[in-house]
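Engineer: Letter by letter, the chains look like this.
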Amino acid sequence: DTGVSQNPRHKITKRGQNVTFRCDPISEHNRLYWYRQTLGQGPEFLTYFQNEAQLEKSRLLSDRFSAERPKGSFSTLEIQRTEQGDSAMYLCASTPDRGYEQYFGPGTRLTVT
Amino acid sequence: SQQGEEDPQALSIQEGENATMNCSYKTSINNLQWYRQNSGRGLVHLILIRSNEREKHSGRLRVTLDTSKKSSSLLITASRAADTASYFCAPLETGANNLFFGTGTRLTVIP
Chain S
12 DTGVSQNPRH KITKRGQNVT FRCDPISEHN RLYWYRQTLG QGPEFLTYFQ NEAQLEKSRL
72 LSDRFSAERP KGSFSTLEIQ RTEQGDSAMY LCASTPDRGY EQYFGPGTRL TVT
Chain H
33 SQQGEEDPQA LSIQEGENAT MNCSYKTSIN NLQWYRQNSG RGLVHLILIR SNEREKHSGR
93 LRVTLDTSKK SSSLLITASR AADTASYFCA PLETGANNLF FGTGTRLTVI P
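These protein sequence lines map, in sequence, to chains S and H. Per this note's numbering, the first sequence starts with residue 12, numbered consecutively. Per this note's numbering, the second sequence starts with residue 33, numbered consecutively.
Hints in this document: simulated from the structure, not taken from any laboratory. Because the structure is a prediction, the values reported are computed rather than measured.
Calculated Cβ distances over 12 Å to all of chain H for the following chain S residues:
| id | residue |
| --- | --- |
| 1 | GLU39 |
| 2 | GLN95 |
| 3 | ASP97 |
With beta-carbon atoms standing in for the labels, derived distance ranges:
| id | chain 1 | residue 1 | chain 2 | residue 2 | range |
| --- | --- | --- | --- | --- | --- |
| 4 | S | GLN61 | H | ASP39 | 29 to 39 Å |
| 5 | S | ARG33 | H | ASN62 | 27 to 37 Å |
| 6 | H | LYS88 | S | SER77 | 30 to 40 Å |
| 7 | H | VAL76 | S | ARG33 | 16 to 26 Å |
| 8 | S | PRO19 | H | ARG86 | 40 to 50 Å |
| 9 | S | ALA64 | H | GLU49 | 40 to 50 Å |
| 10 | H | VAL76 | S | GLU79 | 18 to 28 Å |
| 11 | S | SER16 | H | ASN70 | 16 to 26 Å |
| 12 | S | GLN28 | H | ALA114 | 31 to 41 Å |
| 13 | S | ASN41 | H | THR126 | 13 to 23 Å |
| 14 | S | GLU89 | H | ALA113 | 39 to 49 Å |
| 15 | H | ALA110 | S | THR87 | 39 to 49 Å |
| 16 | H | GLY91 | S | GLY96 | 33 to 43 Å |
Computed footprint of chain H on chain S, listed as stretches where at least three residues anywhere in the stretch have a Cβ under 8 Å from a Cβ of chain H:
| id | segment |
| --- | --- |
| 17 | 49-59 |
| 18 | 104-114 |
Cβ coordinates follow ideal geometry from the N, Cα and C atoms, glycine included.
Next comes chain H alone, as it looks inside the complex (with noise of 0.2 Å):
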């Protein structure tokens, strides 16, 4: 399966500062997306990013693509308290219908 993988694990912030997360996958990619779970929360999409873009932005979000390197990272600026959540990538692979999660970073913003 084209699972994505997370790291790192778990990322302690203060409030007011950058977040950044990695994602790394196998095999080649139609697109990746990345997701957000709050706590007692479903998973909620934020950002998509084909294979044929590198970077992205929505809102306090930037996400970046290199497919050379299987690789994505999603920035989030200016982290709030409320930004407390577990993030997920998700890679859709070429010809697939189905995406396959990793185990996340679960990133804390400390007030």
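One chain only, chain S, in its complex shape (with noise of 0.2 Å):
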């Protein structure tokens, strides 16, 4: 068990372009979520997997934003015409059905310049 890994680790990308981070959660781990966190504040809630089913999205999450989970392991967030606002620390966590504690992966670092 390597843990949850998340791939960039950091991306700088110019306004206007479009991103796309990956996600591996733990494995067998079937609950899947996404959050951001800007400095000096908590993660902020985005969207949560229930193996490949988006089950919640935050309103937080503009329509730039679209994640997938299609085969239940692996997920994707892409944020779509990137703004500057967007630039932040992107955190995909895992649990498994019957836990509830949050397995963290290191994020991917986006600044939008």
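Mind assembling these two chains? They're in different frames, but the hints should get you there.
Structural biologist: Pasting the structure below:
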């Protein structure tokens, strides 16, 4: 068990470009979460998957954001037409089906210039 | 949303002293969790206390929960420089699947 991994670790992009992040949860963890964290703040919930089903999305998640978990394993988070306000750390976490503790990945730091 | 609110926002202590952080929340919960985030590192789960528990220990950590006051506290005993981090509480609202984190308590332990 190597823990939750996220790629890339850092991404610098120009405003208006699209970016995609990947999260590989701990194997056999059914639930997967995406969060966004800005400096000095706690993580803000974005969306949640149970296996391949996206069960909840935050109102923070604008139409420019989309997330998938096609086979119930890894997940991708895409941001279209990036804006400077999208600059943040994007965190992924997973949880086993019968547990509550969330295991976080190292995050992807996005900088939009 | 069921967001935890930590208090104080920042705390600075000498190594060896105890550190106490508090958390308040607003609705009924299934459990409440505490997480730690070191500078440059990801979030790490520390301890979970269920709504029917009043106190829980894990190593140098002691967590209390008072559901009548909708509050929890995290005590770190005999602090170490390595305990320097931000600490977040995350209540899990009854029937919910998501955690909502507050802004955290920034703990600095001075060697």
